[in-house]
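Got two chains here, each in a separate frame; can you build the complex from them with the hints?
Taken in sequence, the protein lines are chains A and B. In this text, residue positions in the first sequence follow the numbering used here: the first is 1, and each later residue adds one. In this text, residue positions in the second sequence follow the numbering used here: the first is 1, and each later residue adds one.
Warning: the hint list may mix true and false statements.
Result set (DSS-like, lysine-lysine): computed pairs, CA atoms no more than 25 Å apart in a straight line [as the list claims (entries may be wrong)]:
id, chain 1, residue 1, chain 2, residue 2
1, A, K11, A, K62
2, A, K78, B, K99
3, B, K70, B, K56
4, B, K67, B, K99
5, A, K11, A, K78
6, B, K99, A, K62
It is worth saying that the hints were derived from the structure and are not from the lab. Treat the numbers as computed from the prediction; the structure is a model and nothing was measured.
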Amino acid sequence: DARVTQTPRHKVTEMGQEVTMRCQPILGHNTVFWYRQTMMQGLELLAYFRNRAPLDDSGMPKDRFSAEMPDATLATLKIQPSEPRDSAVYFCASGPGQGVGANVLTFGAGSRLTVL
Amino acid sequence: GEDVEQSLFLSVREGDSSVINCTYTDSSSTYLYWYKQEPGAGLQLLTYIFSNMDMKQDQRLTVLLNKKDKHLSLRIADTQTGDSAIYFCAETLNTGFQKLVFGTGTRLLVSP
Numbered sequence: 001d002a003r004v005t006q007t008p009r010h011k012v013t014e015m016g017q018e019v020t021m022r023c024q025p026i027l028g029h030n031t032v033f034w035y036r037q038t039m040m041q042g043l044e045l046l047a048y049f050r051n052r053a054p055l056d057d058s059g060m061p062k063d064r065f066s067a068e069m070p071d072a073t074l075a076t077l078k079i080q081p082s083e084p085r086d087s088a089v090y091f092c093a094s095g096p097g098q099g100v101g102a103n104v105l106t107f108g109a110g111s112r113l114t115v116l
Numbered sequence: 001g002e003d004v005e006q007s008l009f010l011s012v013r014e015g016d017s018s019v020i021n022c023t024y025t026d027s028s029s030t031y032l033y034w035y036k037q038e039p040g041a042g043l044q045l046l047t048y049i050f051s052n053m054d055m056k057q058d059q060r061l062t063v064l065l066n067k068k069d070k071h072l073s074l075r076i077a078d079t080q081t082g083d084s085a086i087y088f089c090a091e092t093l094n095t096g097f098q099k100l101v102f103g104t105g106t107r108l109l110v111s112p
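Here chain B stands alone, though its shape is the one from the complex (with noise of 0.2 Å):
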């Protein structure tokens, strides 16, 4: 199927990390995505990854891959009250074209 699941929502407190988690479906993916949606606005890119890297470092954000298992992590060092938002992971489907498909979205709430 095309399902790709994420955990529905995450708390922590400001300056802890972040651990978002994605499984996604299709192995031949050759890139994986991390949007991010604040309230009331469309899809933000934060980062991918190409599917040959198992991480990938971007400042506060990581990005584990681990192809075997079809898992993907989104790790936020020293979370901030900015970074409450809706989390989503994204796959590349090959169809014939390259459909991108998102998962459920984690909903991520930091508190003072």
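In isolation and in its complexed conformation, chain A is listed as follows (with noise of 0.2 Å):
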């Protein structure tokens, strides 16, 4: 049964402590995606990589938060310095990005972050 891993799956931190989240997107998937979700603001989409290259990062604080994917297996989304206001949960989904089922995406259960 494939499935996207995310780790970790809870994190508190202090307020500047910069936070690392990885996910492991479905071997064979080409589209990975990193959302954000809050009560206030639903689900928001932070970055979007297609072939490991990133393609919108439209959604994301840049001067705080990166998404980068170092390989194939392995996304990473980094917030240096962490602020209360980053608390929320945060989603990694990937997708086959070509055919009928391009846009299925597979979501990670997700990492919840708290930052003090």
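This is how it looks when you write it as structure tokens:
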């Protein structure tokens, strides 16, 4: 049963600390998305990769957030320095990127971040 | 704009039908999706409909699409307590790459 794996599942940190969230997309999927979910804003798209290349990160605060795909099996989302307003659940999702089900995304279980 | 709108809450009794509504923005969306999120979990695809279809049925789920009004609905027949979750509709924006935009989510509460 193919799944998207995210780590850590939970993270509590203090303001100003660096946070790195990791995602292992489904093998063979060539699109990877990072979403942030909060009660107030709902689901926000932060970054989108196709074939490991960043195509859209317009939803991401550039001064403190960065997203990378060092290889096809790993996507990272880094926040430095973290702030209390970054507290949210961060989801990674991957998709085939082509064919009929191109945009059928499989989501990870999420990383719940709390910044004190 | 990119707002996909849904009502926030829906409460039904077990055994009744649930209808969750969604309005989307991009008339050129090729696919429209319904995802389900259970507590503490990520989103899970329920079903999707191609834009040239008016209706799609999948067991207890019926999706209706009104392209003229940009209105999408999800009907769950014989709703069960296990159907309690947040339901998101999503459209595909053709913005150079196909960007999936989610609605605000509808929290469905099914009472016994």
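Results of checking the hints against the structure:
1. A:K11 - A:K62: holds (21 Å)
2. A:K78 - B:K99: holds (22 Å)
3. B:K70 - B:K56: Holds - the C-alpha atoms of B:K56 and B:K70 are around 16 Å apart, at most 25 Å.
4. B:K67 - B:K99: holds (19 Å)
5. A:K11 - A:K78: holds (13 Å)
6. B:K99 - A:K62: Satisfied, since the Cα-Cα distance of roughly 19 Å is no more than 25 Å.
Checked against the numbered hints given earlier, the structure satisfies every one of them.
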